[in-house]
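Each protein sequence line maps, in turn, to chains B and V. Taking the working numbering, I'd label the letters of the first sequence as residues 1 to 422. Taking the working numbering, I'd label the letters of the second sequence as residues 1 to 79.
Keep in mind that the hints were calculated from the coordinates and are not lab data. No residue lacks a Cβ here, since even glycine has one placed at the ideal position from N, Cα and C. Wrong hints could be hidden among the right ones.
To be verified - Some, not all, of what chain B presents toward chain V, calculated at C-beta under 10 Å:
#1 N333
#2 G335
#3 P365
#4 A372
#5 S384
#6 K389
#7 P397
#8 Q403
#9 Y404
#10 R406
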Amino acid sequence: MKLDYIIGDEKISRDDVSQLLDQYEPIFKKHQQVLIHTADPLIQNVSVRLCECLGNTLFLCPSYFTKAQVDHVISEYPVGLKLYGGQTEGVHYREFQRPRDLRQDPAIYVFTTGTTGTPKLIKHTWDTISASSFSVGDHLQGQTWLMSYAISGYAGLQVFFSADKNSGTIVYVPQGGFLNYCKSMSQHHVAIVSGTPTFWRLLINAWPDGLPKPHLLQATLGGEIVTQDVLNLVDHFFKPERLTHIYASTEAGTAIVVSDKKAGFPADALDSGKKVKLKIKDNVLEIFSPQSMKARIGADQPAPDDGWISSGDRVVLKDGRYYFCGRQDGMINIGGSKVLPEEVEMNISGLQGVEDCIVYEKKNPIIGALLAADILLKNGSSVSVPQIKKELGAALPAYKVPQYIRFVKEIAVSENGKKIRK
Amino acid sequence: MAENYVTLVKETVLEVMEENGLSPISLEGSTHILQDTGLDSLALAVIVVKLEEKTEKDPFEEGFVTFNTIDELAALYEA
Numbered sequence: 001m002k003l004d005y006i007i008g009d010e011k012i013s014r015d016d017v018s019q020l021l022d023q024y025e026p027i028f029k030k031h032q033q034v035l036i037h038t039a040d041p042l043i044q045n046v047s048v049r050l051c052e053c054l055g056n057t058l059f060l061c062p063s064y065f066t067k068a069q070v071d072h073v074i075s076e077y078p079v080g081l082k083l084y085g086g087q088t089e090g091v092h093y094r095e096f097q098r099p100r101d102l103r104q105d106p107a108i109y110v111f112t113t114g115t116t117g118t119p120k121l122i123k124h125t126w127d128t129i130s131a132s133s134f135s136v137g138d139h140l141q142g143q144t145w146l147m148s149y150a151i152s153g154y155a156g157l158q159v160f161f162s163a164d165k166n167s168g169t170i171v172y173v174p175q176g177g178f179l180n181y182c183k184s185m186s187q188h189h190v191a192i193v194s195g196t197p198t199f200w201r202l203l204i205n206a207w208p209d210g211l212p213k214p215h216l217l218q219a220t221l222g223g224e225i226v227t228q229d230v231l232n233l234v235d236h237f238f239k240p241e242r243l244t245h246i247y248a249s250t251e252a253g254t255a256i257v258v259s260d261k262k263a264g265f266p267a268d269a270l271d272s273g274k275k276v277k278l279k280i281k282d283n284v285l286e287i288f289s290p291q292s293m294k295a296r297i298g299a300d301q302p303a304p305d306d307g308w309i310s311s312g313d314r315v316v317l318k319d320g321r322y323y324f325c326g327r328q329d330g331m332i333n334i335g336g337s338k339v340l341p342e343e344v345e346m347n348i349s350g351l352q353g354v355e356d357c358i359v360y361e362k363k364n365p366i367i368g369a370l371l372a373a374d375i376l377l378k379n380g381s382s383v384s385v386p387q388i389k390k391e392l393g394a395a396l397p398a399y400k401v402p403q404y405i406r407f408v409k410e411i412a413v414s415e416n417g418k419k420i421r422k
Numbered sequence: 001m002a003e004n005y006v007t008l009v010k011e012t013v014l015e016v017m018e019e020n021g022l023s024p025i026s027l028e029g030s031t032h033i034l035q036d037t038g039l040d041s042l043a044l045a046v047i048v049v050k051l052e053e054k055t056e057k058d059p060f061e062e063g064f065v066t067f068n069t070i071d072e073l074a075a076l077y078e079a
């Protein structure tokens, strides 16, 4: 029997999904604009499928949204149907009388929190949001995919469309730590995994001895800076058939795909003649893409007129490759010197015995601000603060060596598997 | 109680001295944190951050308060 989804222990067949599609179709047909607020992947996926097929406009609210945030969206847009809840607590809906607007083209609105935390609403068409699913290779048809991202975000939707349009099965893992991911991947023979570098590091760290590893046809890293260390780690641990890192954003879509197992991207990608165009302005990557958003709402800048989107990600050119080195807006000022926390993190994570870390600014009454680092050590390793400072001091100028270092038991990770910046 | 904070400050000063590669010295309540230990203002900033973590108190919330000795610093946390 063909499975569409595996959600925890529940196996959902194509027939189950068809039944739900039939059940909800009449009410979706009644309305032009639909809002979904659910943590239930099945309800979300059925809604997304219906809206795409019926030509509705869909607002996809993250499950962590409060009712007030959801109501705010409904007050700003002519939403006719709000669907909320899930299979366990019950699915509910509310209808609103809204005039039909014949000029409206169908669209999908997703929220992005970016690195700063204020939700921004990004408008895509059904074509731009699902574009990358059409470049999935033939050898990946009918395979099993892992969902490592929040289901309502751009990254989660990429996995959804890629699996869905290529007859795949998606495995959703119940919350409660990385051990659940390990077990689900092993048990369900997951073949395709996309996750952030932080996700991969924590997954591999949590992998129990003796648990069979699945044979991965495709391993993808993205969403954070991908270093050589983490590429090597994934390559050695899973030995995937293909190891790719991608650079994508909710605003610009997938812009860069690199499969040579090397960090960064070749400088000739800037004039590759492809549909996605790249340029570097003041050390920041700018993207022109047919997959990019149609509008950005509630942000400082709207979608640019000329189609070029500034990514806000800084790059540095070294030996014919560009390497990402941090967010333009994440720069920390330490005694007048500018520090990119990501650069320091990459150096710390490369040290012996270190699993992961996060570097941040800590306000201080004596010197204004300190550079601080929370470090998670690998299981069973013991490294001292003086040792770390000494090794970092050899690789970085003194002002980039965190003055305040503490060892922590975990690094906070967002629903999308990204490190949460303080 | 007061004694506890003095002990905590002493421990923290020694910890930061070690992190900065300084040999430990015997600390008294009257020890001047900067002059007598070889620590600089950056290290002092770290001491304050560590004490904030340990005590969950921030006596500098309203701005900088002067102190020189271990006793004086400990007294700020007693308040």
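Against the structure, the hints:
The closest approach between the C-beta of N333(B) and any C-beta of chain V is roughly 15 Å, which is over the 10 Å cut-off, so the hint fails. The beta carbon of G335(B) is positioned within 10 Å of a beta carbon in chain V (closest approach about 9 Å), and the interface hint is therefore held. This hint holds: P365(B) has a C-beta 3 Å from the nearest C-beta of chain V, less than the 10 Å allowed. Taking 10 Å as the C-beta cut-off, the interface hint given for A372(B) holds, the closest approach to chain V being about 7 Å.
Here the hint on S384(B) is kept, as its CB sits about 8 Å from the closest CB of chain V, short of 10 Å. A hinted interface residue such as K389(B) counts as satisfied when its beta carbon comes closer than 10 Å to some beta carbon of chain V; here the least separation is about 7 Å, so the hint holds. Taken as an interface hint, P397(B) does not check out: its beta carbon lies about 14 Å from the nearest beta carbon of chain V, beyond 10 Å. For Q403(B), the shortest C-beta to C-beta distance to chain V is roughly 5 Å, which falls under 10 Å, so the interface hint holds.
Nearest Cβ of chain V to the Cβ of Y404(B): about 5 Å, under the 10 Å cut. The hint holds. A least Cβ separation of about 7 Å between R406(B) and chain V falls short of the 10 Å threshold, and the interface hint therefore holds.
Consistency with the previously given hints fails for numbers 1, 7, ordered from lowest to highest.
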